[in-house]
Every structure is written in structure tokens, then in C-alpha cells.
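Asker: Here is how the chains run, residue by residue.
There are 2 protein chains.
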Amino acid sequence: MNSQGLETAFINRLVAGFSRSPRSRTAPHESDAELIDIFLGGIPAAAPLLAVTTDTISEEIGTGLYQDPYLFGWMAVMANLSDLAAVGAEPVGLLISETFPDEYDDCAIDKIQAGIADACVAARTHVLGGDTNSGQALSITGTALGLVNDGRCLTRKGCAPGDVLYASGPLGRGNGFALSVWGNGRSESLPGGYRPRARIAEGIVLRGIASSCTDTSDGFLCALDQLLVVNAVGFNISERWEEKLDRSSLELVRSHGLPPWLLLAGCHGEFELIFTVSESRRKLFADAAASIGWSPIELGIVTGPTGVTLPVGGALRTIDVAHLRNLSFRLPGGIGKYVEALVEYDHQMVSGG
Amino acid sequence: MNSQGLETAFINRLVAGFSRSPRSRTAPHESDAELIDIFLGGIPAAAPLLAVTTDTISEEIGTGLYQDPYLFGWMAVMANLSDLAAVGAEPVGLLISETFPDEYDDCAIDKIQAGIADACVAARTHVLGGDTNSGQALSITGTALGLVNDGRCLTRKGCAPGDVLYASGPLGRGNGFALSVWGNGRSESLPGGYRPRARIAEGIVLRGIASSCTDTSDGFLCALDQLLVVNAVGFNISERWEEKLDRSSLELVRSHGLPPWLLLAGCHGEFELIFTVSESRRKLFADAAASIGWSPIELGIVTGPTGVTLPVGGALRTIDVAHLRNLSFRLPGGIGKYVEALVEYDHQMVSGG
Chain A
743 MNSQGLETAF INRLVAGFSR SPRSRTAPHE SDAELIDIFL GGIPAAAPLL
793 AVTTDTISEE IGTGLYQDPY LFGWMAVMAN LSDLAAVGAE PVGLLISETF
843 PDEYDDCAID KIQAGIADAC VAARTHVLGG DTNSGQALSI TGTALGLVND
893 GRCLTRKGCA PGDVLYASGP LGRGNGFALS VWGNGRSESL PGGYRPRARI
943 AEGIVLRGIA SSCTDTSDGF LCALDQLLVV NAVGFNISER WEEKLDRSSL
993 ELVRSHGLPP WLLLAGCHGE FELIFTVSES RRKLFADAAA SIGWSPIELG
1043 IVTGPTGVTL PVGGALRTID VAHLRNLSFR LPGGIGKYVE ALVEYDHQMV
1093 SGG
Chain B
743 MNSQGLETAF INRLVAGFSR SPRSRTAPHE SDAELIDIFL GGIPAAAPLL
793 AVTTDTISEE IGTGLYQDPY LFGWMAVMAN LSDLAAVGAE PVGLLISETF
843 PDEYDDCAID KIQAGIADAC VAARTHVLGG DTNSGQALSI TGTALGLVND
893 GRCLTRKGCA PGDVLYASGP LGRGNGFALS VWGNGRSESL PGGYRPRARI
943 AEGIVLRGIA SSCTDTSDGF LCALDQLLVV NAVGFNISER WEEKLDRSSL
993 ELVRSHGLPP WLLLAGCHGE FELIFTVSES RRKLFADAAA SIGWSPIELG
1043 IVTGPTGVTL PVGGALRTID VAHLRNLSFR LPGGIGKYVE ALVEYDHQMV
1093 SGG
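Quick note, the sequences are listed as chains A and B, same order. For the first sequence, the residue numbers in the numbering used here are 743 to 1095. For the second sequence, the residue numbers in the numbering used here are 743 to 1095.
Extracted from the complex, chain A is given alone in its bound form (with noise of 0.2 angstroms):
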């Protein structure tokens, strides 16, 4: 397989009959969401553009990653509205698809529908509208709408070495959380629970400031893929890294005699944001931060293409992130063989293998 991973190779399998469409300013994996330019000049002003994104939440159901029908709902909206972040939008509302099996409990069904209405009311939007369909498994799909509204659009792709590295918040909770679930036979809860945010107002700050931007959605090393990919860069991650992730989750991988750094390999995100900035805009960006009382979190350094490094059993390893993006896709054996070849992946690594 080539460095592009299979899940992106795939994505283009899916889209090579399609054409273009002349609204589209952004190319396909260089955005978190769709940047459209909805009038193509039709209307004099400066128009905002459109920025639209479509997930659902069915693999995570499925494979009993997620047992809380109330969380089923809060994600289909989250997960959406975290795209619409990394791209600097302002949320205009979504639209919510929903597939019931036949006989699904009505109770279920109120307990969605509360963790769709809480996430709207949490984010400030709405549910404009929807459907609903029976069949053999219960699916969510969330389109969400926003607007970028002044031009200065925030993509994955922009970065380059020098530029500082930087996450919304603490690291880790997505795969703590997915742990706490399956971790070793023993299910116990991560205190304090999964409930992401969208980083709305963080994305909006962002915006003309952030040199790239992504959402943490399938874990943070994905994501730093995905950057990596678009960029042709590399990353240089600090020394410090176990300091800055999520406190309940690094506790949890302790207690269970794992190396902390699977927080970041895993492929459940925590939906923060990471991001650029040039050494340039630093001091720009901090006033920026601090003005909507927020503080991000430095995590390394831009580099040119040679890899992702992160100091991980005392020594600086070199990560293969194209090949444990690979293996969260499409892996056979599910979800328990993924930790093993993980756990499996670290041992080599650190015996040198």
C-alpha cells in the first residue's frame, strides 16, 4: 500500500466518476468540511461560503462502542459540528437522518432524541429538519451547515516547518473512553465520562490565524496524519506530551499497564482540534486565545517530511502513522485484535524490532 493509507485510497476509489462541482473551493482531504461558494458570483456582496459536512454514527453502535442511546444522539450532532469547527464556521443548523430497526424501544428512541436536543442547545444551533427510516440497524447520519463569513477560510492544508503545533485541549479522552469500555474484560467508567464538545468559538479564533486545522475525530496521530499527507511535513511532538493529556484517561491506561502514547494511536478521538500556527502569528494568536478565555496547548514543531517523532519509553521514536491509521480501517478481527496490533506495534518499537 502506498503512504496515502488505505482509508484515503479508498475514499478516492469512491469519488473518481464523479465530476467537480464549480462551487467546490476545496479539494477532496483538504478539509474537515465542504467549502461551497453557493452563489458562484450571483450575488454582489461578499458572500459568505457555505460549509457543510455529513457523518454518521453506526460503526460505534454496532460494535458496542457506544451503549448510551443518549450519546448515540449528542455524537451525530457533535461529530458534525466538530467539522464544521475545524473549518471556522458558524453553525447554521442540521439536518438529522435516522435509521430505528423495527420494535426499537420508544424509550431508546426519547433518550436519542434528548442527546440530539441537548448538543443543539449546547452548540447554540438548531435541528433544521430530518427523516426517518426503519431498517436492520439503528444509524444516525447529521449533516451540519454553517458559514464562513468573511473569506479567510481555515483547511487542513497550509503548514509549514517552523509553524508551532497546537491542540484545543487535553488529549486522549476519546481512547480512555473506548478503553474504559473494552479495556482487558474489565468494563469500568472513565470518570467524568465521553461528552465532547465541537470547538466552536476555538475554530472561529482560528480562522486567518491557523496556518492548517483538523478535528481529532479518529484520534489525534490520524489526524496528525492527515495533516502530514496534505502538507508534505512532518512533526516533531515535545518532550512533555504526557503532561497535556486528558487525567482520567492517562490513569486509566496506567492501571492497565499500558504505554500512555496508545492515547494518541488509538482511533476513538476526543473532536479537539489540532492546528498551525506560524511563528509570525504566535503572539496574534495568544491575544486571540486569551480574549475568548481559552488555552490552548502547545504540542511540538512543524517539520519537513520526515515523519512524526514523539520521545516515548525515554529514547525519540519515529511513528509509522500510515500504518496505524491502516490499521483502525477495515482491520479483520474488530476491535480486539486493533488493540492487540497496537500493543503489539509499541512493543516492537520500543524493543527496536
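If you are wondering where the hints come from, they were derived from the structure by calculation, not from laboratory data.
For identical chains, the list gives no copy identity; a pair is met inside one copy or between any two copies.
Calculated cross-link-like contacts (lysine to aspartate or glutamate; reagent style EDC-like; alpha-carbon spacing at most 20 angstroms):
#1 K899 <-> E1021
#2 K899 <-> E749
#3 K1079 <-> E845
Small disclaimer: the values here were computed from a predicted structure and weren't measured.
Guided by the hints, dock chain B onto chain A, whose structure is given.
Answerer: The following block gives chain B in isolation, referenced to the frame of chain A:
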């Protein structure tokens, strides 16, 4: 159950906890697509409304009604574009979220994508973006975006007694197709197959002329019931409705010894538009239709709230459309029971039971 129908009640339950967006120009059930004032007056010019709609193709696949992967893709596009047509919108593009079962056949995936691509070409629009997932059951959710440029909205609401009822084209092919797949245990092909086209150009003509409009995605009588409930009216269908059915479907239904009006009653639609025009606008409408080479089909007349009357078996019958609509919604026993129930309703009606 009250007269609003089970599906309407279910949707009302789903949205009960949602707050309404200040950007929404349409109330629930009153239009096929949502009409959204995306700028809330933030742009000085007379900005267009955004029309958005979402629809999932899963049930038709799960029940075996759709068996050709090309049709899955085609319908994921056309079902959504048909909703845009029913509000008179011009398509901007679509988002497609696809869930594939593990180990799903690569050739079938290519056929699905070809159906999507060809439907977009046929409608002169584009896929703007999407998402892929793995899950238990194949499912394709489309979301269509469109623009209504001149503020003259077309919705389900607005018709009055005396208006004339039309269809954009022959009715019955959706149910004819379903009969060809399932009918009496002998699968056969419907000449010409099933490949609906969204009536986009016709919807644009109807904007500012028709007093109400909806598409027949769930069959003609279900669509009529939507207009009946929203407008608190009734409909008299004209004597010669049988001549206006799709020819191949009519022959098929006769060869099965089934009553032709079941082509109107079944819940698998032909994706035509049904709409009403006031007497004072009939000349304007005739000219506008002729200007695009379109011959709409006159079906009957809007009446006071006295139900739907249809000449069947030599006599004028009043059809309980709410009952028929409910038959198709979550009927235990699936399709076989549904067709049995329709036939039984016909027997009761004709025998005066």
C-alpha cells in the same frame, strides 16, 4: 389513532424536544424540503433561501425491493433531488454518507457509485462531499442543497377548494415496479424498469404558480393525504384517472388480477410532483408548462374537507387515505401482509363492507 397518521405522530414525537431555528421558513410537515434563511437578513440584497433535505436509502435495500446496486446510488440522489423539486429549488449539490457492511463486494460498490454519478449528471448537479462508514447493513444517506432565488416559495400549504389537482407525469410506476419484484411470488421485469427522475425543471416552473406541491415518494395517495392534512381540504379524483396511469404498470397490475387503484395506494412512489393550481392561474400555468415542453396531467379538483373520492369499480368511493398511509408504516409482517391488507381494503370498499 387520530387522523394525522402514525408517521406524522412519530415525527412529532421525535422533534418534540427540539427548539425551532429562527432561520426556518417552514413548519414541520409543510414542505418536502426545509427552506432556510441562512443569512437572517445579514446580507443586504434579496438573498435566496437555502433548500435542504435528507433521505436515507436502507429500507428498500433491506427488504429486497431494490436489488441492483446501481439503483441504490441512483435513488439516494433522486429521492433527495425530488424533495428539492417539490419546493421549486435549483440544486446546488449533494452530500452522500455511505455505510458498507464489512467485506461488501467491490463491484457492487462501483455500481452504487456509478448510479450516484449518473443521477448527478442527469440532474446537472454534483456530489460536494461525503462520508464512509462500516456497519451491519448497507445504507446510503443523501443530503441535497438547493436555492430558491426569488422568494416565491413552493410548499405543501396553500391550496383551496376549487383549485385543480395535477401530476407532473404518469402515476403508478413505483408500485408497478414493487409488484414486478414481489408480485404473487413471480418476479418479472417491468418494461422500462424503474429509474425515476426528479422533476426539477417542472418544480421551478411551479414556483409562484402552484398553490401547493409535494412529491409522490411514498405513492400518490400518501402524498395526497399530506396535502389534505396540511390544507384541511379534500380531493375529488376525476373519472378518467385510470387512463393517466403508467401503461406498463397498469398492464402488470391487470395481469395479476389486482385492482388498478392499488397503483395509487401502494407506498412505493414514482417521484412525480402532485400540485394544485387555482382557476385564475391555469392559463399562466399552461403557458409556463408549454414553454419547457411539459404536458402535466390533470387529475381532479380540491374540495372542502370531505376526504378523497375516487371512482373505483363503477362507483364513486371515499378512500380512507390516513388508514392506507398507516398500513405502510411499521406494519408487523412486512410487505406480504401490507399487500394483503391493501387487497382486503379494496374488497371491503367495493363490497360496501
